[in-house]
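A.B. asks: Chain by chain, the residues run as shown.
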Amino acid sequence: MNNAVLVLLCAPFLGAVLAYVLGKIKINLAFWVAEIVGAMLFLASIVIFINYSDTPINIDYTWIAYGDLRLPFGIYIDHLSIVMLLIATGLGFADIHFAHDYMGNDPDQPRYYAKVLFFIGGMVLLVITKDLIGAFVGWEFMGLASYALISFWYYKNSAADAGMQAFLYTRFGDIFILAAIGLLVYYAGTLNLVELNEMANAGEISKTVALVVALFIFMGAIGKSGQFPLYPWLMNAMEGPTTVSALIHGATMVNSGIYIVARLFDFFSYTDALYIVANVAALSAFIGASSALVQKEIKKILAYSTMSHLSIAFVGLGVGSLAAGMLHLVNHAIFKALLFLSAGAVIYIAHHTKDAWKLGGLIKTAPFVALFMAMGSLSLAGVPPFSGFFSKEMVVANAWAHGNEFTKVFVTIAALLSIAYITRLWVLLFLGEPRNEDIAGSVHAPSNLWMRLPLGVLAVVTLFISIWQSDIVHYVLNGKEEVEPHIMGLTAFMLTGMLILFLIVIGLYVKGLNLLYKIASHHFVMTIHQILFNGYYVERMITWISKTIVVNAVAKAARWFDTNVIDYLVNATVPATQGIYKVFRAGHSGKIGTYMGQFVIGVAIIVIAILIIVKGL
Amino acid sequence: MNFIILIAAGLLVPVFYKSNIFIAKLIAVAAFVASAVMVYNGFGLNNVFPYFVLDGSTKLMEYVLLATLAAVTLSLSGFERPLIAQMLFVAGASVAILETNNFFIFIVLFEVIAIISYVLVANIRNFYNAEGAIKAFIAGAVASGIILLGFALFSFVTESFNYAQMNVQGKFTLIAVAIMLAGIFYKLTVVPMHAWAADAYSQVNHAAAAILSGVIKSVMLVAVFKAFYKFLVAYPGATVLIFSFFAILTMTLANFMALWQKRISKILAYSSIAHSGYALIPFAAAASVYSYTGVLYYAIAYIFMQTSVFLILNDLRREAGVKYLEDIKGLGEKAPIHALFFTIQLFSLAGIPMLAGFLSKAVAFYAGIDAGLWPIVLIGLLNSALAVAYYAWIVKHIYLNKPVEGSVKKINISPGSLIGQLILLLGTVYFGIVAVQVFNTTISM
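Protein chains in written order, with this note's numbering: chain A, 1 to 617; chain B, 1001 to 1445.
Among the clues, some could well be false.
[Stated by the list, open to error] Below are the PhoX-like pairs computed for lysine-lysine, each with C-alpha atoms no more than 25 Å apart in a straight line:
hint	chain 1	residue 1	chain 2	residue 2
1	B	K1230	A	K615
2	B	K1262	B	K1396
3	A	K582	B	K1059
4	A	K24	B	K1409
5	A	K582	B	K1230
6	A	K591	B	K1323
7	B	K1262	B	K1402
8	A	K156	A	K547
9	B	K1262	A	K24
10	A	K24	B	K1334
11	B	K1402	A	K615
12	B	K1059	B	K1230
13	B	K1230	B	K1334
14	B	K1334	A	K591
15	A	K26	B	K1410
16	B	K1230	B	K1323
17	B	K1409	B	K1323
18	A	K26	B	K1059
19	A	K207	A	K24
20	A	K364	A	K354
It is worth saying that the hints were derived from the structure and are not from the lab.
Keep in mind the model is a prediction, meaning the values are calculated, not measured.
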């Protein structure tokens, strides 16, 4: 068991170095190293899952203990961690496998696989660590890997900018986590995640401090999980390779915000911070779902849907149901990985065409991809018996049972809208006639082993995991009791609403494209379309604020101070140090006689000092 | 046992010098590994003689020492072969001086190491080497005399040479210790007894300089601290006064001298002197319980980085005649692997976090703070900031400047050098992240 933990901790980082070095020798080796390490990690997670007895794995280790300074670095693996581990390593493995073809022609493969393994290492570190320090390190490792992978094709300006943007946006949130760590060290005296929950349960920490800390941690989660208002980076992150989007910006890293809130769930409940979590998340869910309706690029639709679904999971947590939030996280991770990888397959066979409006009728060339993507879509839409149905129902029911009006309404709309945008995407890609002759002519079928296999496995999992929904809930809750609310008519209402939306989308996009164009050309509709298409202009607003206030006011003042005061002082050190050097240099003639003279001076100093002390004795 | 293995290997190795240098290296490395295994199992000199103790911190220092010497052995070239046997003798004397708890044996081994170091620098190839060797020898001889004078005085007044039972009271003891310290400061290159080192380190063969300035100095730091610990604690006033004064003088002067040098080896030599200054801070803070941790951590971090930079310079000088800052312009393109190792180790020397140089400084300075010597720590911090200037200056030449026209196109790294540098890099990174080993071993002191 401890060996499996050691593998999880070390293998990704060693593998990253190995993949890079061996890949430089022979390019194929990079993939195989990554594939083997990925399989090893997944196996290690399964070993832990199977051998887990009722007590959490608890390894205490002190990183630095010096005087009053104590930086612990412990491992703590309980049910929650195991669920996250299985997701991170399982989907990571599937993703690496899929990349064999998708990244097959890229000359920079060693770099790619090294970064992916480094990323998985960061994610694993985050979910098995016991202390906020380790969690923060894992958190930042992922941020770094995400930056490096988004700007993987760094020679494209848009990719480089997107990477930078992702880094800045998430860093903005991370600063708050660092502040929370500082506050906790000062006020709580511990960074142990388990102890923090216990302290909150026992009421040993002041409510105000706890609220501030919880909100600061939530700010970090907002950045990482793409919630309002720090979500624009997630959309631009689609500049990276699709396999990266699938792994990092669909299935795993974006979950880390939810994970940290779930891990500190008792701490959050204690402070009423969950109330804010629920409201911010409901707003984000609505923004994401409505913006996804009008996007053109395949991956942007999925990105907005990711944002919306993460928010739904957050709402689950926010209204006080750990089970609903975590269940939706698990289900979402699997079907979103499936959707992103299907999108990757589509993009791959269509020679890197990302605009859904240029494709169409692909069901003839890639029927299996169409089938698998349909299964993912149905799950995302929340159609029974797919897994998405159960978790989404649970979140919405919990919101209606415990949430305020705002949360209820927005999360329900968001949950309903998901069927609309995902049906639209699927119809645009697979039905109808090819809209662009050039692309349609050169489309080829994907390979069985490398593309269809992982898609098929994920599709099967997303269907059959429905059987174990209540088991997952019990597993995550781990003995705690949660009353599942049943609200009469809610399921019926949801299903009816979904059916209506489904029929509208099918009607418009399959039969009534002319009607659609007519509606879309209306002035009012066009305005709304613009707002939604640009993600409610939040990105522009953030840019404006940072430009006018940060750059033009603060940065310019700082620059004036830097050039006129700091630089002047720095420049003044040059003649000063040179002067001192010239004085000192006089003693270094190179003549050994001089040196002996200095030696005597040194002896003299010591003897005189001692004599003074001796006299005083 | 470790001592016997090392000495036996040292006697055996020269047999293979003429026939096969590879076998000689192999034997040396095997001897280092074997004695490390012996140390691990607790078979030190303590099993054979009564005057030796092998505790946790000694074990750790010996692993570090043996690993470093193995790394040096691997990176040597053919014409530096005499160094192999000499290093085995250095190792033998070093493990003995680290393990001993007897002041008499300490003094004897101190002189032994001094003599080995004269032999080390005697691998003379040109005028510069000769000048460096002669300076090291003359200054060393004078210092040896001084130490013996002090020791003679000390042996009159003390009843026991055991570290724990030594006589520390009385005026004669104090004067004897002061005179011995003067000689030892020479070995540790403390200003104003440092000038020989600036010339010797930069002018002798760089591989010898690596052993001299990296390995021997680190061992001396730990051994001297253990030998003199009782005196340092007994006279806190004198300790703080003398060591603080010399610490400040050493680091300040050396850093200013390094700042304006053009020859790389000279910069590294002055950097080595400056590091002696930082290492004196935990000596001054002997009253603190963290002082031994500070010294040990400093020695461990320093042995890796200082040895590594001189070995890289040795490679570069041999392959491309690198001497001055001008010569390493564009090294990042010409010798990417050398450049990378060099940069990381220089950053460690400068004290960049996540590398051993940072944690060692942090720990050493913490001891100073704990003993209430914050003014000296503050000066130490300012000095480390100043020192970044010349380390970064080298890195700037390596990566940001274009290579000079007509210079050597490509410098390859030999497999031996690569492995050696990897060992040293591993040490620098490991002790920059995982601190707990060093802390655990020094709790007893």
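A.B. asks: If a hint holds in the structure, say so; if it doesn't, say that too.
C.D. replies: Consistency of the hints with the structure:
1. About 21 Å separates the Cα atoms of K1230/B and K615/A, which keeps this hinted pair within 25 Å; it holds.
2. Note on K1262/B and K1396/B: the hinted pairing holds, with a Cα-Cα distance of about 14 Å set against a maximum of 25 Å.
3. About 44 Å separates the Cα atoms of K582/A and K1059/B, which puts this hinted pair outside 25 Å; it is violated.
4. With a C-alpha separation of about 21 Å, the suggested pairing of K24/A with K1409/B holds against the 25 Å cut-off.
5. About 40 Å separates the Cα atoms of K582/A and K1230/B, which puts this hinted pair outside 25 Å; it is violated.
6. With a CA separation close to 22 Å, the supplied pair K591/A and K1323/B stays within the 25 Å bound.
7. The suggested pairing of K1262/B with K1402/B holds, with an alpha-carbon distance near 18 Å, which does not exceed 25 Å.
8. Taking the CA atoms of K156/A and K547/A, the gap is near 24 Å; set against the 25 Å cutoff, the hint holds.
9. With a C-alpha separation of about 37 Å, the suggested pair K1262/B and K24/A falls outside the 25 Å cut-off, and the hint is violated.
10. Between K24/A and K1334/B, the direct Cα distance comes to roughly 18 Å. Compliance with the 25 Å bound is thereby established for this hinted pair.
11. As the CA atoms of K1402/B and K615/A are separated by approximately 62 Å, the hinted pair breaks the 25 Å bound.
12. Proximity of K1059/B to K1230/B is assessed by CA-CA distance (about 21 Å); at most 25 Å being required, the pair is judged to hold.
13. A hinted pair counts as satisfied when its Cα atoms are at most 25 Å apart, and K1230/B with K1334/B does not qualify at roughly 52 Å.
14. Under the criterion of a C-alpha separation no larger than 25 Å, the hint pairing K1334/B with K591/A is inconsistent with the structure, at around 37 Å.
15. As the CA atoms of K26/A and K1410/B are separated by approximately 22 Å, the hinted pair is consistent with the 25 Å bound.
16. Distance check on the hinted pair: K1230/B and K1323/B sit about 44 Å apart at the alpha-carbon level, beyond 25 Å; violated.
17. The hinted pair formed by K1409/B and K1323/B meets the criterion: a straight-line CA distance of about 17 Å does not exceed 25 Å.
18. For the suggested pair K26/A and K1059/B, the alpha carbons sit about 42 Å apart, so the restraint of at most 25 Å is broken.
19. For the hint linking K207/A to K24/A, the alpha-carbon distance of about 54 Å lies beyond 25 Å, and the restraint is violated.
20. The suggested pairing of K364/A with K354/A holds, with an alpha-carbon distance near 19 Å, which does not exceed 25 Å.
The structure does not agree with the numbered hints 3, 5, 9, 11, 13, 14, 16, 18 and 19 stated previously, though it agrees with the rest.
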